[in-house]
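Okay, here's what each chain looks like letter by letter:
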Amino acid sequence: MRSANITGQAYAFMAMTPVKPGEEQPLADYLRGLRGRGPSPLTRLARTHLARFVIVPDFHNNPTWKQRREEHLDLNYLIFTSNLDGDLDSYLDELCEKLAPEAGEIWGRCVGCPEHAQGAALKKYLEHNQIDTGIFFAAYGHATVAMVKHALRERERMIAFAVSSQGLEPAALQKAFLAEFGEGR
Amino acid sequence: MSVQTPSAGPITATGTEPRNYDGQAIAITVFSTIKLRGRVFLPILFRVTRTFPQLTGTLRQLSFIHFARWSVIGRLPYNGPPQKKGRFRYPHMYFESNFNGGWEEYIDAFSHILTSGMTAFWGSSYGFPKPLPTAPFKKYIQDNETEADHYYSAYPDATSSMIQRALELDERVESLKRDAQRLQPDAFAAAYRRFLTESQNAL
Amino acid sequence: MAAPAVRMDLADIQGDILRGYGNDYDCTSYAFVTIECPPEQARVWFSGLLDHVTTAEPWPAGEKPLTTLNVAVTAPGLRALGVSEDVVGSFSREFREGMASRATLLGDVGPSAPESWEPGLGTGEAHVLLTINAQQTSDHERALAKMKDAMDAAGGLRIVYQKDTELLPGSREHFGYTDGFAQPAIEGSSDDKARGGGVPLKRGGWRPLAPGEFILGYPDEDTRVDPKRRLPNAPAAPLGRSGTYMVWRKLYQDVALWRRVMRDAARVYDGDEHKLSAKVVGRWRNGAPLVQYPDAPPAQFDPKTPGGNDFRYEDDMDGMRCPLGSHIRRSNPRDALNFEGHLSFRHRMIRRGMPYGRELPEGVTADDGADRGLVFVSFQGSISRQFEGVQVQWLNAGNIFGLGHDKDFLLGDPNGTGKMTIQGKPPFFLAPQEVFVRTRGGEYLFVPGITALAALADGTAG
Numbered sequence: 001m002r003s004a005n006i007t008g009q010a011y012a013f014m015a016m017t018p019v020k021p022g023e024e025q026p027l028a029d030y031l032r033g034l035r036g037r038g039p040s041p042l043t044r045l046a047r048t049h050l051a052r053f054v055i056v057p058d059f060h061n062n063p064t065w066k067q068r069r070e071e072h073l074d075l076n077y078l079i080f081t082s083n084l085d086g087d088l089d090s091y092l093d094e095l096c097e098k099l100a101p102e103a104g105e106i107w108g109r110c111v112g113c114p115e116h117a118q119g120a121a122l123k124k125y126l127e128h129n130q131i132d133t134g135i136f137f138a139a140y141g142h143a144t145v146a147m148v149k150h151a152l153r154e155r156e157r158m159i160a161f162a163v164s165s166q167g168l169e170p171a172a173l174q175k176a177f178l179a180e181f182g183e184g185r
Numbered sequence: 001m002s003v004q005t006p007s008a009g010p011i012t013a014t015g016t017e018p019r020n021y022d023g024q025a026i027a028i029t030v031f032s033t034i035k036l037r038g039r040v041f042l043p044i045l046f047r048v049t050r051t052f053p054q055l056t057g058t059l060r061q062l063s064f065i066h067f068a069r070w071s072v073i074g075r076l077p078y079n080g081p082p083q084k085k086g087r088f089r090y091p092h093m094y095f096e097s098n099f100n101g102g103w104e105e106y107i108d109a110f111s112h113i114l115t116s117g118m119t120a121f122w123g124s125s126y127g128f129p130k131p132l133p134t135a136p137f138k139k140y141i142q143d144n145e146t147e148a149d150h151y152y153s154a155y156p157d158a159t160s161s162m163i164q165r166a167l168e169l170d171e172r173v174e175s176l177k178r179d180a181q182r183l184q185p186d187a188f189a190a191a192y193r194r195f196l197t198e199s200q201n202a203l
Numbered sequence: 001m002a003a004p005a006v007r008m009d010l011a012d013i014q015g016d017i018l019r020g021y022g023n024d025y026d027c028t029s030y031a032f033v034t035i036e037c038p039p040e041q042a043r044v045w046f047s048g049l050l051d052h053v054t055t056a057e058p059w060p061a062g063e064k065p066l067t068t069l070n071v072a073v074t075a076p077g078l079r080a081l082g083v084s085e086d087v088v089g090s091f092s093r094e095f096r097e098g099m100a101s102r103a104t105l106l107g108d109v110g111p112s113a114p115e116s117w118e119p120g121l122g123t124g125e126a127h128v129l130l131t132i133n134a135q136q137t138s139d140h141e142r143a144l145a146k147m148k149d150a151m152d153a154a155g156g157l158r159i160v161y162q163k164d165t166e167l168l169p170g171s172r173e174h175f176g177y178t179d180g181f182a183q184p185a186i187e188g189s190s191d192d193k194a195r196g197g198g199v200p201l202k203r204g205g206w207r208p209l210a211p212g213e214f215i216l217g218y219p220d221e222d223t224r225v226d227p228k229r230r231l232p233n234a235p236a237a238p239l240g241r242s243g244t245y246m247v248w249r250k251l252y253q254d255v256a257l258w259r260r261v262m263r264d265a266a267r268v269y270d271g272d273e274h275k276l277s278a279k280v281v282g283r284w285r286n287g288a289p290l291v292q293y294p295d296a297p298p299a300q301f302d303p304k305t306p307g308g309n310d311f312r313y314e315d316d317m318d319g320m321r322c323p324l325g326s327h328i329r330r331s332n333p334r335d336a337l338n339f340e341g342h343l344s345f346r347h348r349m350i351r352r353g354m355p356y357g358r359e360l361p362e363g364v365t366a367d368d369g370a371d372r373g374l375v376f377v378s379f380q381g382s383i384s385r386q387f388e389g390v391q392v393q394w395l396n397a398g399n400i401f402g403l404g405h406d407k408d409f410l411l412g413d414p415n416g417t418g419k420m421t422i423q424g425k426p427p428f429f430l431a432p433q434e435v436f437v438r439t440r441g442g443e444y445l446f447v448p449g450i451t452a453l454a455a456l457a458d459g460t461a462g
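Chains as they are written, first to last, in our numbering: chain A, 1 to 185; chain B, 1 to 203; chain C, 1 to 462.
Derived pair list, reagent style DSSO-like, types lysine-lysine, alpha-carbon separation capped at 27 Å:
1. K64(C) x K163(C)
2. K304(C) x K64(C)
3. K84(B) x K35(B)
4. K177(B) x K175(A)
5. K84(B) x K123(A)
6. K130(B) x K66(A)
7. K66(A) x K139(B)
8. K228(C) x K130(B)
9. K130(B) x K35(B)
10. K35(B) x K228(C)
11. K20(A) x K85(B)
12. K98(A) x K20(A)
13. K20(A) x K84(B)
14. K202(C) x K304(C)
Simulated from the structure, these hints should not be mistaken for laboratory data.
Let the sequences and hints guide you as you build the complete structure.
The following block contains the structure:
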């Protein structure tokens with residue numbers, strides 16, 4: 001159910017796409033190598049709180065369980081989940097534009113992905129493969145990434161001020177406060 | 001004397017695999033196969049929990065989770081060959097969480113403090129041992145867990161608690177800024193002292 | 001449904017773990033031996049030690065031995081004694097990796113990094129640790145000489161690091177605080193310490209901890225509720241049973257720096273230096289807990305009187321009496337983390353450390369260049385859950401207490417940018433957080449039971 005993807009203003013997106021046979025290791029290597037090549041490409045999607053790429057090779061089966069028959073995935077599957085702000089449609093637009101350099105290496109290795117993994121075609125592919133959430137828990141679902149970053153920054157500044165201004169007389173205190181937090185700061 | 005029986009679980013450390021970290025944020029990704037009764041029970045559980053958010057109260061109190069989700073997957077969208085078409089034989093539950101602290105502390109907290117919650121969510125999964133004792137439960141999670149290939153946080157240095165407190169603090173900071181503009185020094189100093197007293201657990 | 005009460009096989013467990021030997025033994029030497037001969041030869045020497053190893057059996061009244069001996073081994077030590085890789089592999093991962101390789105995790109960075117450790121520690125050379133306790137210096141010297149003679153006679157053995165320590169007057173540590181008396185209460189062994197030392201229960205009661213939290217081969221807090229009666233993870237038989245893991249760390253304390261920072265900070269604090277320091281520690285110098293005596297210490301306080309350690313934080317959840325980040329509150333939160341202690345009860349440690357080095361005279365704030373500090377020693381069933389868990393989550397981080405990135409002020413911050421909030425109306429911010437304590441070296445070890453020691457000596461450990 002679509003509405004279960006939302007808590008506050010936060011949206012839980014998930015896409016699960018089958019990986020082309022033979023592309024499993026190159027995809028894994030590519031994703032694992034992203035860290036070493038600089039900031040994550042997801043940094044370009046400013047409305048992303050936390051996100052992950054996970055390749056699931058198969059379901060776990062255990063002969064000691066009461067499960068009568070085993071179940072296996074036909075292929076490896078790439079899961080992409082994102083905890084994002086607001087409207088999904090515009091987020092996917094942004095993703096398909098800003099992640100265009102990487103999308104070919106990632107979803108381009110998945111079955112059914114359009115040849116040019118970007119723009120409207122990629123968006124359609126991701127929407128087609130969206131998995132709805134059953135329960136979505138968000139500790140601060142009302143807050144956007146921008147609000148979170150702003151609040152964290154203000155907190156840092158306030159701590160630094162509180163430590164450095166300790167023991168100041170009222171006039172000096174106010175002066176110091178305005179120097180740090182005055183008009184427009 | 002105690003009977004020597006084989007030991008109860010895996011060798012666990014406080015941490016998890018390296019790719020599950022981005023700064024302070026930790027990822028856990030788990031798939032489990034659901035029994036027949038779960039097909040009926042889980043959607044009801046989800047609806048009840050969504051309708052009565054106070055049920056997630058303890059989860060919220062634990063305050064080391066940023067975002068978490070559970071989904072039941074009965075079939076996957078079809079994308080053409082070589083993907084196989086059709087429903088799964090069993091439904092599968094996807095669980096992911098983004099949290100702070102240690103992997104072991106996280107599972108311990110869930111086992112001890114959310115015991116009935118854990119049983120409600122995982123009880124319909126094959127192979128699920130009870131949440132207590134924790135060692136077999138930890139092994140179960142470890143066996144069903146997949147390491148992330150790429151994990152990202154927009155604010156890796158921040159913990160969920162820190163963010164929640166910083167957000168509450170924000171409004172008070174704005175109010176103090178206005179006070180600084182308009183009050184006389186003594187009045188401002190008093191307002192500042194009040195602010196510190198009220199906000200100290202966020203600083 | 002709890003398991004029936006266990007009786008412990010004290011004759012099989014080494015001494016000074018379940019119950020401390022006591023303050024009569026005021027000299028302790030730690031000698032790390034490296035084995036440079038083949039395992040068979042090393043084992044001959046090792047067998048020679050066994051008759052002298054002190055067990056956990058109580059001493060008959062008036063018959064305290066003049067000296068005691070205890071033996072521990074590192075992972076390289078097990079190999080040097082000829083233990084197979086398979087059996088070594090059954091020990092915990094962190095023990096096998098060794099403390100030095102976990103430095104980043106433990107916060108042993110900057111001035112505490114292994115690169116700066118004293119020679120012989122953290123290099124893999126430390127194989128067997130001999131701990132000798134003595135009541136008097138003369139006996140101590142005799143015991144050390146005997147140990148050295150035995151090594152020389154055997155050949156192929158060398159002391160790669162040794163630290164001699166001595167109690168300070170009043171059982172204090174170098175920052176001036178009475179230390180070492182707060183220990184976990186263990187079922188079947190120190191039930192008498194349950195009030196204050198055990199797990200806090202609802203309605204004010206306490207219960208002792210399951211022995212397996214500290215001694216392997218017994219049920220721990222997790223397995224005691226297991227209907228299948230499985231036992232906690234332990235190294236392969238016969239080495240696991242009656243054994244425990246040991247953490248040994250040499251911590252240098254910069255007493256002069258501590259005094260200067262506290263003196264300077266107290267100038268703008270509403271209270272004196274003693275109160276501010278007590279706020280950092282969580283106790284007054286005589287051991288009285290701040291949570292019970294928030295404004296001034298009682299004239300007399302003996303932490304060892306029954307119930308002396310019996311306090312909890314439920315009436316001080318805002319930290320106004322004992323700050324949320326104070327050292328003792330961090331290292332043993334008791335009921336402070338809510339949820340009936342379920343976030344803290346599996347992270348207890350037995351501590352048996354000793355101060356080392358001569359005191360810096362009271363009032364001196366200039367460093368004299370002398371080496372002084374604490375040899376930290378702890379015993380626990382799991383190094384990662386108990387020692388590392390506390391170090392990483394509770395001392396070097398503040399998140400679980402709602403303190404953001406604040407670290408334990410007492411230990412210090414290698415970046416020098418930390419602070420501590422002393423809760424109050426208004427709060428006080430204590431800064432700068434200098435490096436008051438530096439790690440000079442350490443090892444992870446295993447303390448085998450008596451049967452296990454014999455198996456190691458015989459070469460039948462597998």
